[in-house]
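Asks: One-letter residues, chain by chain:
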Amino acid sequence: MDKEKWEPKIAAFVCNWCTYTGADLAGTSRMKYPANAKMIRVMCSGSIDPVFIIKAFERGADGVLVSGCHPNDCHYNAGNFHARRRWDFFHELLDFIGIEKDRLQFSWISASEGKKFADVIEKVTKDIKALGPFTAYKKMNSEFTAMFPEIPEADKEIVIKEKETV
Amino acid sequence: MCSDPGQNMIRDAIRDKGLDAIVVGSCSPHMHERTFRNAAVSAGINPFLVEIANLREHCSWVHDDLEAATQKAIELVRMAIEKVKRDKPLTKISVPVTKRVLVIGGGIAGIQAALDTANAGYEVVLVEKEPSIGGHMSQLSETFPTLDCSQCILTPRMVEVHQHPKIKLMTYSEVVKIEGFIGNFKATIKKKARHINEDLCSGCGLCITKCPTKKKAYNSFEEDLAFRPAVYIPFPQAVPNIPVIDETICMYYKNGKCGMCVKVCDRGAIDFDQKDTMLVADIGAIIVATGFKLYNIDKKSPDSRYKGYGEYGYGKYRDVIDGLQFERIASASGPTSGEIKRPSDGKVPKKIVFIQCVGSRDDSKGISYCSKICCMYTAKHAMLYKHKVHDGEAYIFYMDIRAGGKMYEEFVRRAIEEDDVKYIRGRVSRIYEENGKYIVKGEDTIAGMPVEIDADLVVLATAMIPQDNSAALARTIGIPYDKYGFFNEAHPKLRPVESTTAGVFLAGACQSPRDIPESVAMASAAACKATILLSSDTLEREPVVAKVNEDLCAGCFYCKKVCPFGAIEVKDVKDLNGIVYKEVAYINQGVCQGCGTCTATCLSKSIELAGFNNEEIFAEIAAL
Amino acid sequence: MIYMTSMEEVIMKYGYFPGCSQTGSAKEYDISLRKVIEKLGASFDEINDWSCCGATSAHVTNHKLSSALAMRNVMLAGQQGLENMVAPCAACYNRLITSQYEIANHPEIRNETEELLSAKFEKDIKVINILELFLKIGINKITENRKRELSELKVACYYGCLLVRPAAITKFDDAEQPVSMEKIVESTGAKTVDWNYKVECCGAAHSVARRDIVVDLSKKIIEDARSHGANIMAVACPMCHTNLDMRQRAMKRAYPGHEEFPVLYLTELIGLALGMNEHELGIDLHYINYKYTDPVLDNSVIR
Numbered sequence: 151m152d153k154e155k156w157e158p159k160i161a162a163f164v165c166n167w168c169t170y171t172g173a174d175l176a177g178t179s180r181m182k183y184p185a186n187a188k189m190i191r192v193m194c195s196g197s198i199d200p201v202f203i204i205k206a207f208e209r210g211a212d213g214v215l216v217s218g219c220h221p222n223d224c225h226y227n228a229g230n231f232h233a234r235r236r237w238d239f240f241h242e243l244l245d246f247i248g249i250e251k252d253r254l255q256f257s258w259i260s261a262s263e264g265k266k267f268a269d270v271i272e273k274v275t276k277d278i279k280a281l282g283p284f285t286a287y288k289k290m291n292s293e294f295t296a297m298f299p300e301i302p303e304a305d306k307e308i309v310i311k312e313k314e315t316v
Numbered sequence: 136m137c138s139d140p141g142q143n144m145i146r147d148a149i150r151d152k153g154l155d156a157i158v159v160g161s162c163s164p165h166m167h168e169r170t171f172r173n174a175a176v177s178a179g180i181n182p183f184l185v186e187i188a189n190l191r192e193h194c195s196w197v198h199d200d201l202e203a204a205t206q207k208a209i210e211l212v213r214m215a216i217e218k219v220k221r222d223k224p225l226t227k228i229s230v231p232v233t234k235r236v237l238v239i240g241g242g243i244a245g246i247q248a249a250l251d252t253a254n255a256g257y258e259v260v261l262v263e264k265e266p267s268i269g270g271h272m273s274q275l276s277e278t279f280p281t282l283d284c285s286q287c288i289l290t291p292r293m294v295e296v297h298q299h300p301k302i303k304l305m306t307y308s309e310v311v312k313i314e315g316f317i318g319n320f321k322a323t324i325k326k327k328a329r330h331i332n333e334d335l336c337s338g339c340g341l342c343i344t345k346c347p348t349k350k351k352a353y354n355s356f357e358e359d360l361a362f363r364p365a366v367y368i369p370f371p372q373a374v375p376n377i378p379v380i381d382e383t384i385c386m387y388y389k390n391g392k393c394g395m396c397v398k399v400c401d402r403g404a405i406d407f408d409q410k411d412t413m414l415v416a417d418i419g420a421i422i423v424a425t426g427f428k429l430y431n432i433d434k435k436s437p438d439s440r441y442k443g444y445g446e447y448g449y450g451k452y453r454d455v456i457d458g459l460q461f462e463r464i465a466s467a468s469g470p471t472s473g474e475i476k477r478p479s480d481g482k483v484p485k486k487i488v489f490i491q492c493v494g495s496r497d498d499s500k501g502i503s504y505c506s507k508i509c510c511m512y513t514a515k516h517a518m519l520y521k522h523k524v525h526d527g528e529a530y531i532f533y534m535d536i537r538a539g540g541k542m543y544e545e546f547v548r549r550a551i552e553e554d555d556v557k558y559i560r561g562r563v564s565r566i567y568e569e570n571g572k573y574i575v576k577g578e579d580t581i582a583g584m585p586v587e588i589d590a591d592l593v594v595l596a597t598a599m600i601p602q603d604n605s606a607a608l609a610r611t612i613g614i615p616y617d618k619y620g621f622f623n624e625a626h627p628k629l630r631p632v633e634s635t636t637a638g639v640f641l642a643g644a645c646q647s648p649r650d651i652p653e654s655v656a657m658a659s660a661a662a663c664k665a666t667i668l669l670s671s672d673t674l675e676r677e678p679v680v681a682k683v684n685e686d687l688c689a690g691c692f693y694c695k696k697v698c699p700f701g702a703i704e705v706k707d708v709k710d711l712n713g714i715v716y717k718e719v720a721y722i723n724q725g726v727c728q729g730c731g732t733c734t735a736t737c738l739s740k741s742i743e744l745a746g747f748n749n750e751e752i753f754a755e756i757a758a759l
Numbered sequence: 014m015i016y017m018t019s020m021e022e023v024i025m026k027y028g029y030f031p032g033c034s035q036t037g038s039a040k041e042y043d044i045s046l047r048k049v050i051e052k053l054g055a056s057f058d059e060i061n062d063w064s065c066c067g068a069t070s071a072h073v074t075n076h077k078l079s080s081a082l083a084m085r086n087v088m089l090a091g092q093q094g095l096e097n098m099v100a101p102c103a104a105c106y107n108r109l110i111t112s113q114y115e116i117a118n119h120p121e122i123r124n125e126t127e128e129l130l131s132a133k134f135e136k137d138i139k140v141i142n143i144l145e146l147f148l149k150i151g152i153n154k155i156t157e158n159r160k161r162e163l164s165e166l167k168v169a170c171y172y173g174c175l176l177v178r179p180a181a182i183t184k185f186d187d188a189e190q191p192v193s194m195e196k197i198v199e200s201t202g203a204k205t206v207d208w209n210y211k212v213e214c215c216g217a218a219h220s221v222a223r224r225d226i227v228v229d230l231s232k233k234i235i236e237d238a239r240s241h242g243a244n245i246m247a248v249a250c251p252m253c254h255t256n257l258d259m260r261q262r263a264m265k266r267a268y269p270g271h272e273e274f275p276v277l278y279l280t281e282l283i284g285l286a287l288g289m290n291e292h293e294l295g296i297d298l299h300y301i302n303y304k305y306t307d308p309v310l311d312n313s314v315i316r
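Residue numbers (the numbering used here), protein chains in the order written: chain Z, 151 to 316; chain Y, 136 to 759; chain P, 14 to 316.
Keep in mind that the hints are not guaranteed to be accurate.
EDC-like mimics (lysine to aspartate or glutamate), calculated; alpha carbons at most 20 Å apart, straight line [claimed, not checked]:
#1 K301/Y - E258/Y
#2 K155/Z - D498/Y
#3 K451/Y - E135/P
#4 K500/Y - E578/Y
#5 K184/P - D498/Y
#6 K576/Y - D237/P
#7 K706/Y - D686/Y
It is worth saying that the hints were derived from the structure and are not from the lab.
Please model the complete structure; the sequences and the hints are all you need to start from.
Replies: Here you go:
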């Protein structure tokens, strides 16, 4: 694969109330950011299981972003505090299981921070690009693939063409 | 797609192709999820079998690279398809509603909320911790900006509460426990022993006049400016007009003797053996109206949360008093019968200094917020003083004059222009006594000069802070509170009288500093919200709630610890013989708000959040 | 540092930061403090090579310098193996704890100061003032070792501006209505009076440049003490003492008819109670001789 044309695949787990809405705001404000991150909406950052993150890596994500409401601003009062504690711990374990720590990033983005959302996506994409493709997933995804035999793995080899002038 | 023709396209496709679930590639679900769900329902599909791929806000509007955006759009739709394949049909949850409202706090906010709710036809339980309802408003002399007599406008309301057939009034009582959830609360209320049989007492007051402990305790209604005996009613207009016996100073409880009250009570209403009783009530909605207290600057009873202001000598000098004490001095029913006299020697003060913002707006020693009412009541105090002591001089030290409100600014101008109250912009650094005068040293920041006033009486406009037990009460009810102890509203703009806990509403100064009209408005709004809730027999809720697979649950109850709403209970699982063989988590669907924190915490992966279960999310990840 | 000499007795050893005044204008403060401490069974370990604390003009002219000067002395105490450090001068005390506070709360000041001193601040040295010192040693020790009754003395305890303020930094006593010095003075058998000016400004460093201001302010302090029934004043700051004692001459010129009022260091008062004479304590170095101001004092204290 031509490294220069390689674009990272990023999974973003976001909470419904703050970050997802913040992303909506970025959209309605027509802010621009790279198209690498795809969002998976959950109700609260507190419900994001570390397993989700591992599965995303297994399925070939080069990076994962987790984002929720700011501390003290949680729609459910305290969900993000549990999330924060869980992530801190989990983040430390990533290196241990052989995934670079920086592939997993966290941030607090409120519903009014469209600009911050765009900036975070920009930054995460840049960081993951610098890390290069995550290839170890090929060794780890057998079990997961067996769970969803009918879902074909998204083509990692899709090469985004050079930008054409419109 | 959200237009009528677009929706028709969806309906037609469902019918023509026999679809059983749909994915819409459109704008954000926050915009039109409901529209498309309704369209699906009208074509016979469960609304929760509709998924939306957000192709506008999250894709087409934010990416310049058209190729990449198109690729992303395809993938987003693919993810939504894989999720919808695994979505399960869900139905809205319905819970019954108990048609009774609990109002906590019998100040003006609680009184208003209770009356409005009761007049709408619902039963009300009004709980007040003091022996009488009325709250702080009953202590006030006159009210701004109209200078109405506070008692005169309040007392009829208090009587109305007492006589209302729908209101059960519980004074000298406290809420000790709240269980359950919206529409189905269970409140445990402790009724403290009055040692007077309420059914027999006629309120004649003979026991009070004959009690030999005449001036044994400070009268807290008079803000410690007067005394009361062991058996007392807080103030003459008290509702209910039934005395209380204070065990701590009553001679009978000390040595078993006296019993003078028993001798004089011809109805036999004195009951020394009365005990605290507990009452449990089924409640549909709760209105919290517990009010405020004044910032405690008395060195003798230091409040651990706040201190400072030793420079003003409050608690050291008897003629340095706070705003509520001045209200009592100015009140016609107060300890001086409305004559302005200073506490130390009863002389009429010829020079009086008011200091605003004592505690408020002071990050270094006090609290950061503005207490909102002090500018107005200080202007009122100065005015009342000038109306009663014509040759007196009134000085007010202020930081800013915040008189936002109908007729408020005019009121302050009247104090300055008609009543010749002298406003000095600046802070006071020290107060000390010299030959019976109080030397007030401060700064006039407009003149840029230090000022020194030899005052006869000093009144401190101390800050409004939450009641002592507000945090504990918030935990009892299960509502959030801020760092000061004020209860948090669900949304600062759009949901100001609701707490984030469904079915619990807020009124008055327990939420933040409020004046009387605002407290009353909030109380009516809270009553309205409560009656809306009670107007239907059952409540419908979104079915996005967590559910436990009891076979898998290992009973570790980590979920119970993390649940922000206390929705998780312990449930016994019994075998055929009725013997409990394991305990599992049980999620109360009425309480669960659907955050899913428990699902991520669950070690055995036995909790699933409907609409966002693991299989659905894994499918999305797989299709990434 | 705590040395166990026997099972019962604990002798406390305190780091001692004299400060410039103790070697000059407030020599008697230093003399009396050392003697009193010895009598009470505690001992001092003077900071080697101590320097200016930064309180005089440094903290208004050069913030970095004032911070570095203060922290240098704190650092030296740490190197000497001390855990605490007494700063008898209220200005030194205030400068030292303020620097510690700034360094604890502002990483950028910390970095800057560490860089200037080429050192890392790791050890936490507790800087204490003279009042805290006596409270730590125990005021019961003063009562136990009392040789003289000072019951005729009615003392106005003067804290000045720096000893208890700002409250957020000193975290000691009430900033506006302090009472700790009264407790110590009462342990000598003397009476204390409740008065109004115990934390008012004496004019401090304006003593040199604007004597007129100092004379006015100090006069008010003395007259308030007198009018509340005091016949002597106790201070715990060299600057206060200078203004209240030395400037009484100027006061006489500015306020004809001014009556002399004796002002003693707290340590001198304790020293008298412990049975030392005025020469031992350096009281004869004062401008106002307390013996002649009030016959009651003359008879009661000096025998």
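Asks: None of the hints should be skipped; say for each whether it holds.
Replies: Taking the hints in turn, this is what the structure says about them:
1. K301/Y - E258/Y: Since the Cα atoms of K301/Y and E258/Y sit roughly 5 Å apart, the hinted pair holds (cutoff 20 Å).
2. K155/Z - D498/Y: With Cα atoms ~55 Å apart, K155/Z and D498/Y exceed 20 Å; violated.
3. K451/Y - E135/P: Between K451/Y and E135/P the Cα gap is close to 43 Å, so the pair fails against 20 Å, i.e. violated.
4. K500/Y - E578/Y: Holds, because 19 Å separates the two Cα atoms, which is no more than 20 Å.
5. K184/P - D498/Y: holds (16 Å)
6. K576/Y - D237/P: holds (15 Å)
7. K706/Y - D686/Y: holds (13 Å)
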